[in-house]
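Student: Residue numbers (the numbering used here), protein chains in the order written: chain A, 1 to 333; chain B, 1001 to 1333; chain C, 2001 to 2333; chain D, 3001 to 3333.
Mixed in with the good hints, there may be bad ones.
One side of the interface only, derived from the structure: several residues of chain D facing chain A at Cβ under 7 Å [what the hints assert, rightly or not]:
#, residue
1, Val3008
2, Leu3020
3, Ala3074
4, Asp3112
5, Asp3216
6, Tyr3268
Rather than coming from a laboratory, the hints here were simulated on the basis of the structure. These numbers come from a predicted model, not from an experiment. We put the CB at the ideal spot given by N, CA and C, even for glycine.
Protein chains: 4
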Amino acid sequence: MQPGFNIVKAGHIELLVTDLREGKKFYVDTLGFVVTESDKTHIYLRGLEDRHHHCLTLTQSGVPGVGHFAFRVANEADLKAIEKLVKSKGGFTKWVEAGDEKGQGRALLVQDQFGFPVEFYSKMASEEWMLQKFQNYRGAKVMRLDHFNIMLPDAASAYEWYVKSLGFGCTEVTETEGRKPVLWAAWLRRKHTCHDIALTTGKGPRVHHAGFTVSDRASIMDSADLLASSGYLESMERGPGRHGVSNAFFLYLRDPDGNRIELYTGDYISADPDWVPIRWKLNDPQRQTFWGAPTPASWFNEAMMVRSPRSGEFVGLTLPKIKDRPDYLLSAR
Amino acid sequence: MQPGFNIVKAGHIELLVTDLREGKKFYVDTLGFVVTESDKTHIYLRGLEDRHHHCLTLTQSGVPGVGHFAFRVANEADLKAIEKLVKSKGGFTKWVEAGDEKGQGRALLVQDQFGFPVEFYSKMASEEWMLQKFQNYRGAKVMRLDHFNIMLPDAASAYEWYVKSLGFGCTEVTETEGRKPVLWAAWLRRKHTCHDIALTTGKGPRVHHAGFTVSDRASIMDSADLLASSGYLESMERGPGRHGVSNAFFLYLRDPDGNRIELYTGDYISADPDWVPIRWKLNDPQRQTFWGAPTPASWFNEAMMVRSPRSGEFVGLTLPKIKDRPDYLLSAR
Amino acid sequence: MQPGFNIVKAGHIELLVTDLREGKKFYVDTLGFVVTESDKTHIYLRGLEDRHHHCLTLTQSGVPGVGHFAFRVANEADLKAIEKLVKSKGGFTKWVEAGDEKGQGRALLVQDQFGFPVEFYSKMASEEWMLQKFQNYRGAKVMRLDHFNIMLPDAASAYEWYVKSLGFGCTEVTETEGRKPVLWAAWLRRKHTCHDIALTTGKGPRVHHAGFTVSDRASIMDSADLLASSGYLESMERGPGRHGVSNAFFLYLRDPDGNRIELYTGDYISADPDWVPIRWKLNDPQRQTFWGAPTPASWFNEAMMVRSPRSGEFVGLTLPKIKDRPDYLLSAR
Amino acid sequence: MQPGFNIVKAGHIELLVTDLREGKKFYVDTLGFVVTESDKTHIYLRGLEDRHHHCLTLTQSGVPGVGHFAFRVANEADLKAIEKLVKSKGGFTKWVEAGDEKGQGRALLVQDQFGFPVEFYSKMASEEWMLQKFQNYRGAKVMRLDHFNIMLPDAASAYEWYVKSLGFGCTEVTETEGRKPVLWAAWLRRKHTCHDIALTTGKGPRVHHAGFTVSDRASIMDSADLLASSGYLESMERGPGRHGVSNAFFLYLRDPDGNRIELYTGDYISADPDWVPIRWKLNDPQRQTFWGAPTPASWFNEAMMVRSPRSGEFVGLTLPKIKDRPDYLLSAR
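With these hints in hand, go ahead and build the complete structure from the sequences.
Tutor: Next up, the structure:
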């Protein structure tokens, strides 16, 4: 592609949890993620459709949040090109040697110019495909990672970075109202789905959620039933419902540490090279939930802090210069 | 059965609408009820599973509300016995001659001691079964009427009437908290489902909603999508979701006049003669919605006025002596 | 009701299995029936919707087949009336004392005039309701027993017995073609569903299958996936598909001993007292499977032998005097 | 990509029908394809997810079959490179001017070295997105074209062509049994799904079917119900069921002319650059249908003839040198 390298897809995310046993109870025993490997401080998980080592890592930590999120690239040579590009924008980079992250080849860990800890990698160990081992299906029957949703003060700059520099396509956008609308959020993809990453205006840099695909709406309904009868009533923050943006069916969950994930299904194939972004207005009541149900304030107030690859500390937050939510929720800030 | 007559099931309901064309647009064109017959001031509707003339009548009226709701009885002779019983309790009765309500045989129209307009009938004209005419399935794919939910100040007295005098079985109850719990709501059945009628404490006599069965959860999701894209976004008051009580999947709708119906699916068979009622506490957050989503205040504030068979006027309302909603909503009264 | 007693519903069935561990692997570990109790020679199972001790008993036996099938009656006094009636037709009766069958009160075990081992009982121990314990849902997520399907040479006589003497209602029938059609099969109910028992023409007395209800079509699809990946590929004899008769969605299974059960969902409510039976012709290609797929010959050739309550031996078989299958399968006899 | 051009996805197919009104009745009135445009001899159809002019063209013809199938390329310049490549292999090429096929820009029409009529195009007119116009959902609720399945005597050569020359990735293969297994079929993709084209061994060149995506399994069940009650019982050739290959849920249909399409849902995302093909053996009973149901002989015997872009005649057929079906069906040839 144009950039001289080829980002393939959203690859995996590292969530920081304060109690690995509670994390296992939620993600494995209840939601049914497949355990590939674990040690004292990590559990490496994959979905039923995954053929590689992990799409979700739980890492024991004193404070919850996100260690890094990662994109898979087509070739190891792509990493060098990305290193150069990130540096040219003032980002921090460091190499992660093969095996330092279990199952993964040599990787480039970045703190990008917006403060996000982003990893790029090419090689990951192959693992058994569970897709047709229906006897092992459990819980939410999670198939795979689909996307990241990140929150930052200046979505327009991040849009430039992802689209112009990293070669993402844009499938949908949200704009503010008025005569001079500005970009408020964007859904960007490398693989042929609605998105690999969404950029949202808000206090940041924070990761809003990671979206995991399930097979169908029934799996999401079943997950709600299961969580409600497993002591995770409070984990269900929003949904089930139909999104306006992406047209997908969703259920947002908070893990025992408050980290947020989405169970997600039913978007579309976006392979067309001349895709014209779908445009939404921030205040459109059907934008977030097509059925009109208002989004809870917590959805705008809370997101996951990110840990800096440079300092090891959580990255400080900046407020956006434009409103960070629809008007009907401004009073709930 | 014990009472000397045999009420079979919830049979039909007459909803008063202020614009029959708007009613048709909502119930027929959008939700897909089957039109059996219509005239200038009525539309007689049935579901895809129905084999008789109507389960829902829309009647042109200056004011919305409920004309009557009706139970089917096994034999015409049952009507006499019910007449006697209603009179013994001080209720008003009158005979509706065969054909006065289209498609219906001779019927007994009652204003019961609580003020509700209730009809009892034995005969109704047979109509074509649409269950396997899938080419005619439309909209919400409504199968049949399932139940009425009525609101009145003294649910305990109505419970006595329905269970002791009319021979209903009780499948579930809601009680208030505290050391001396009182009956707050009850789900009562004649046919072998969760209920034919539910009694709820509130300002009354009013009809809270009529519940119509659809085949599965997918039909309810599809209905939400359909309503949201058909200009009926505001019609969706609550849901989709899973009930605690009844375990059914639901979506509550308000028609263009504010009359309330429920799309409902997935309760259980209650044929067992020794059924022990399931007991819920009023404040249990999973009672109304198993997934914990709070019920909107409108659900407690608003219900359908009923028209008196005696006077033709709407029946005046009385407040209950106990709280009419869970504590978390008391401030919304 | 007319007969002077009140049969409530199909209650439970005893299947004879040659290896209880294999039975447990199939019914419990794979299909997800709930174990209420077991001993060396029996496993007592119930569905997620059941509130009583068992709807399916597996009994260790040298030969597979059916020990008995059972109807629940409303009152213990009903058993006496049934005893008298059965004897009047030349049937064999004996009393089963409370607890002789685990969890069950005093019961009447019958060998009816057609040779079938039928039990009638009124009391059964209450058990925990699993319906909203979604964390325990497994496998096929079986809800409850729905019906028995029995095969015998003279369906018309059995129809007389069940409808006239035992008070069943008839929802659907199958008749032979031609100018003098004869009854070939009938679907009969006490509870308000399509059926509690179906009578089919064939070599008998044999039990063709027991039908168990699941919640929706998705559960049936999921069951097929699960069985296909659990080493039970050969267990799936017919389906998934839609029935013409009953309109239900189905999957027929053979357990490791060849005993046949049906996973079944989506029939209708049949409470109406004036229900006119739906009529089908034996050769109608949509009768058995609405989508037209032909039924395999094994479905007509094979059924479960029944053990005589009188002799303890399996009951000998008699051929019907009319054809036992649609014309397109006559050559496969 | 490597080839110097970029094929994006399976784009559209032209089916030849002998009666355009019958074609409209099947594809539009029953299956619910969206009509973009039509004239006396063509109907241009798209799915609910499509944002371009057509994915299916019905063309009036004296004989049924396939006019051409088409791949979308990223840039118009790609067409030149493909022209050169096709010619180098001895294929025939001709240019189709913009608008000669309605809604389409300049295109390259090819008869490839295997005899197939394949079109490559870059531009197609944008059309209204129906994805969230649920009020217009009808019939099978077809979303989009997914793939072509073609049959030819030498699948291995076609594999070389598509993978090495045209840059397709291979997701799954079927091989013959024995010590020297040979490639019998391959599933190849450009977009990130299981496939854009499948190559199958058989008498050819013929097109076996075109696969169209629906949203979920419920849509496929509903389609079977609908077809069965709309006079298209005979149209359902195979399914519904789960595929082994692709893991998708399917229903195969024959249109009134015998042209074959598949309703298809639920495969996986194949974006990984190091995808290792899933390998199946031809005789594996779960390969075609995961639930083990044997495929009907017609599925191997019948396929759609293709019309030569060079001569306008249907292309003559050649038999394969290896068996064209699993052993269990060899006797049905």
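Student: Now look at each hint and say whether the structure bears it out.
Tutor: Here is what the structure says about each hint:
Residue-level restraint check for valine 3008(D) holds (minimum Cβ-Cβ distance to chain A is 5 Å; threshold 7 Å). A hinted interface residue such as leucine 3020(D) counts as satisfied when its beta carbon comes closer than 7 Å to some beta carbon of chain A; here the least separation is about 28 Å, so the hint is violated. The interface hint given for alanine 3074(D) holds, since its Cβ lies 4 Å from the closest Cβ of chain A, which is under the 7 Å cut-off. The closest approach between the C-beta of aspartate 3112(D) and any C-beta of chain A is roughly 22 Å, which is over the 7 Å cut-off, so the hint fails.
Given hint, aspartate 3216(D) at the interface with chain A, holds; its Cβ is 5 Å from that chain's nearest Cβ, closer than 7 Å. A least Cβ separation of about 5 Å between tyrosine 3268(D) and chain A falls short of the 7 Å threshold, and the interface hint therefore holds.
Of the numbered hints stated above, those contradicted by the structure are hints 2, 4, listed in ascending order.
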